[in-house]
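Chemist: Residue-level listing of the chains:
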Amino acid sequence: MTLAHGDRPAVRPRRVRGVAVACSLMAALPAGAHRAAADHHEATVTVRSTGGVGRFTEDVTGDARGATVSTYGGGGEIGAGYGVSNRLDVGAELAAAGFTQATYDAAKVTIMGVPVAGRVTRRTRLAQLRAGATLRLGVAWVPIWYLGVGLSARMPAAAILGRDERGNTLDLTPDGMAAGAQLDVCATTRIGLERRIDRRCSAGVAAEATHTLGLGAPPIDVVSAGISLSYTWYPGWW
Amino acid sequence: MGSPTSALSSLIFIAILATEAMIGTSSATAQPMSTTASPRSEAEFLVPPQGGAFEVPVHIHEVCILSFAERLNSTALASSPDFEIKSWGDDGIAIRAVGKTAQTTTLAVATSTGAVKVNVTLTVVPPDRPAYTLVRFKAVSADEAFQAQLRTEVARRAAPLEAELVRLRQDLDGQIRDRADGLIAERLLKRNETVALSAHERNDDHVIVHVARGVLIGDDGYLVFDIENRSGNAYRLTGVRVQAGGHDVQGPARLTSPGNDRDPSVIGVVPARTTGHGIVVVHAVDQVLGKSLAVTVTGPPGTQPIELARGIVFR
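Line order of the protein sequences matches chains A and B.
Just so we're aligned: 186 in my numbering is position 186 of the first sequence, and the numbers increase by one with no gaps anywhere.
Just so we're aligned: 317 in my numbering is position 79 of the second sequence, and the numbers increase by one with no gaps anywhere.
Only chain A is shown next, with the shape it has when bound in the complex (with noise of 0.2 Å):
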């Protein structure tokens, strides 16, 4: 499902705004049970599954500013921490999303050269590699928020130009949004609850936002909510 420029429904922002203040009352109620900090000595892996909406814009009106476009989009991520304090844990994470075709309908692109009107479509993945902290405050129920920054590669598809604005129907690639893949940087904010389930296993939720900021291409914005495990254990490093 597409969201075209200039019509965004109010339902989806609404949802995740309601998810980031579900998450954040959640991380709320349990802070005052236990003071207590977190997992100083400990290592985890996670793997956390994602779903959202991200924002994407494409030059097709001719003018600098381009078109944006939000769309639905889903993915997962793992990551591996070290508790540096009884609060901080650092750590690397991979994250990976897949987004659902991005409708431009009053695109303006060219063809081998020639100016053409008419509805741009375009899927784009995203890897990402992140660095990052998570202040950690509780123990058996633990909030969490996690700050970091890292390096984002984006896979746009080729894009189609499928109707011209006759109604003509065409499927070609316009000029300079053929497949490939572009890196950029990107920073990601992540606030969630998590749950220690038993010494070695916790789940949690959490709401995220990432800003993907591209190297001579528009920046891509997305805003997910997801669930994920963890396993922990010492590993005795120091």
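A couple of the hints might just be wrong.
As the list claims (entries may be wrong) - Now the in silico label distances, taken between C-beta atoms and shown as ranges: (1) B:A510 - A:A203: 18 to 28 Å; (2) B:A434 - A:V47: 28 to 38 Å; (3) B:G470 - A:D221: 47 to 57 Å; (4) B:D416 - A:W145: 39 to 49 Å; (5) A:A203 - B:L427: 21 to 31 Å; (6) A:R87 - B:A510: 58 to 68 Å; (7) A:W145 - B:T513: 41 to 51 Å; (8) A:A153 - B:E431: 25 to 35 Å; (9) A:G214 - B:A434: 24 to 34 Å; (10) A:G74 - B:G528: 12 to 22 Å; (11) A:A179 - B:A450: 52 to 62 Å.
Claimed, not checked - Negatives, chain A to chain B, calculated, CB over 12 Å: (12) A127; (13) L129; (14) V139.
Rather than coming from a laboratory, the hints here were simulated on the basis of the structure.
We put the CB at the ideal spot given by N, CA and C, even for glycine.
Dock chain B against chain A, hints included.
Modeler: Only chain B this time, still in chain A's reference frame:
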């Protein structure tokens, strides 16, 4: 310097003394005894049927009353004019040393029935020495008089020994500490090494054990550990087990926050959201050098033990 052993010997000596005195009961002649001598300068003398002789210290110019349980027979006979002697009712005598040269006199007194016959030696003592102002004479049987004598003599002989025992008890802590300090010094001279360790484990109740270092002192090793109790309940430590190759090698364990429970099986208590520091001894550590040690920290029955199976090696 005395020792607890010598104190015990002293007590045995007292017992032997008492036994010897009792063995001599049948043959010994009953002697007059004073049974009480309070700080209020009163005394009670027990007089056996055959009579007795007593010494009564007095201060000069102070009146001393000699009181008897029955009427006196006649006027008391005194051997010195330096003492003023008057009747004090029918059953008593008041005496006072009045002469500047008064030192000693004897006074023979008997009651009308003859149950009490005494010869009292009045001795003037300096003001800084205790003296009597009231002395009661009580007629008793020969056995009662002997028992009183026995008690008095045992008490007299035991007094310095008891004082010595008290002193030894006071010194005992110091002696133990000196001996322990000496032992520690000897072991430190033999070997004193610290081994950095990194072992951590937890249970499902958010109680975490950290073994951060070991210490080699003499023939023994010591594992220094922390118990970080992040739960909402106090953690009661009941045991620390150290195994090398399946064999127990642990000695006693101690925790900085010892338990105040009456349960002797509790080594210590770590209150909620605090960290307790502990040590467990590893005996004959040379035999486990280079071997991986497994440490199991246990709480009361029903709680999950915390097992640290790697990262603990004395090198």
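Chemist: For which of the previously enumerated hints does the structure constitute a violation, in increasing order of number?
Modeler: Per hint list: 3, 4, 5, 6, 7, 8, 9, 10 and 14 violated.
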